[in-house]
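Please build the complete structure, drawing on both the sequences and the hints.
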Amino acid sequence: MHPRLLKTFLAVARSRNITRAAEAVHLAQSSVSDQIQSLESELGAALFTRSKTGLDLTSAGLALKPIAEDLLRLDGEARAAVQAAAGEASGSLTIGALETIASARLAPWLPGFQARHPDITVRMKVTDSGALRHLLEDGDIDVAFCFDRRDVTKGAAADRLARRTIVAEPLVLVAAPGQGSAPSDLAALATLRFVATEPGCIYRHLFDTAFAEAGVAAPKFVAEVGSIGTIARLVAAGAGLGLVPRLAVSDALARGDLAELPWPSPMRAAPLVMIWRRRRVQPPALRRLLAAARDTLAPVSERSPTSSEPESANRSKALL
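With UniProt numbering, letter number 308 in the sequence shown gets 308, and the count goes up by one each step, no holes.
Calculated directly from the structure, the hints in this document are not laboratory data. Predicted, not measured: the structure shown is a model, and the values here were computed from it. Incorrect hints may have been included.
Restraint-style ranges between C-beta atoms, simulated for each label pair [claimed, not checked]:
#1 T94 - D185: 23 to 29 Å
#2 E23 - G229: 23 to 29 Å
#3 D251 - G200: 38 to 44 Å
#4 D75 - T49: 45 to 51 Å
#5 V82 - R268: 41 to 47 Å
#6 V82 - R20: 17 to 23 Å
#7 D185 - T49: 58 to 64 Å
Glycine included, C-beta positions come from ideal geometry on N, C-alpha and C.
Below you can see the structure in the form of structure tokens.
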């Protein structure tokens, strides 16, 4: 079974749709269909059956899926081992990131990395946290840059991933200029209007947790928005207050488009992490990117002390 056929099979299994699978593996729909037929002919069994909701795996397909995932993982590790033994550090990498991190952290940093490593081609996918986890687990990206939420990264899937905290990004309470001062306690703050991120986002999680731990009902939201940039514009227009990462609004604060207000209780920072799949041998190109991100991505003044890094981050050092 050629790895190319297994990759196409897994793309169809995950998307349950030939069109979306073709987009994922960058093939024409007819090529995806031909490859699935070729794999079914080789194995002597149908792998999919069509239903009203899409393509479903047959019992044979369900049996093949975990084995195909293992075979592709071993194929990648074999290539990485050969590259490492040959001293090769070239190759291509795909990194995934949240919009805020991509624009504020990675965009200024990547050109320097690529200048130091011209033989490494880097592609970037920008999407939400949930999609990043799926892309990473499926092998569609090599490393994800996101904000850590331990409450949604437990279990076997988390055990297959290594992570390192790069920096703790502070959150700030922002308002339109001249809107006035913030209340001195969370109960009074909860009576005001807010523009918030959607449920599942780390900022929203920290926001909801702050009120819950104080025994105060969270405010009602004027809007729930997936884009931090849109939230900043709505806040600047007077729609309500917002709790956002400082790195996303530092320019707006400096220009006076937004005003920072004090948060009336201790507020946790959002830990910015890079997450990658554990392997016996990491591709040399990925090792270089992980090491460079560890050493140079966060400004020196913002790096967390080594002694405060979580145990999982310390374990990650051995993998770099």
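Can you give the numbers of the hints that this structure goes against, from lowest to highest?
Numbers 1, 3, 4 and 6 - these are the hints that the structure violates, sorted from lowest upward.
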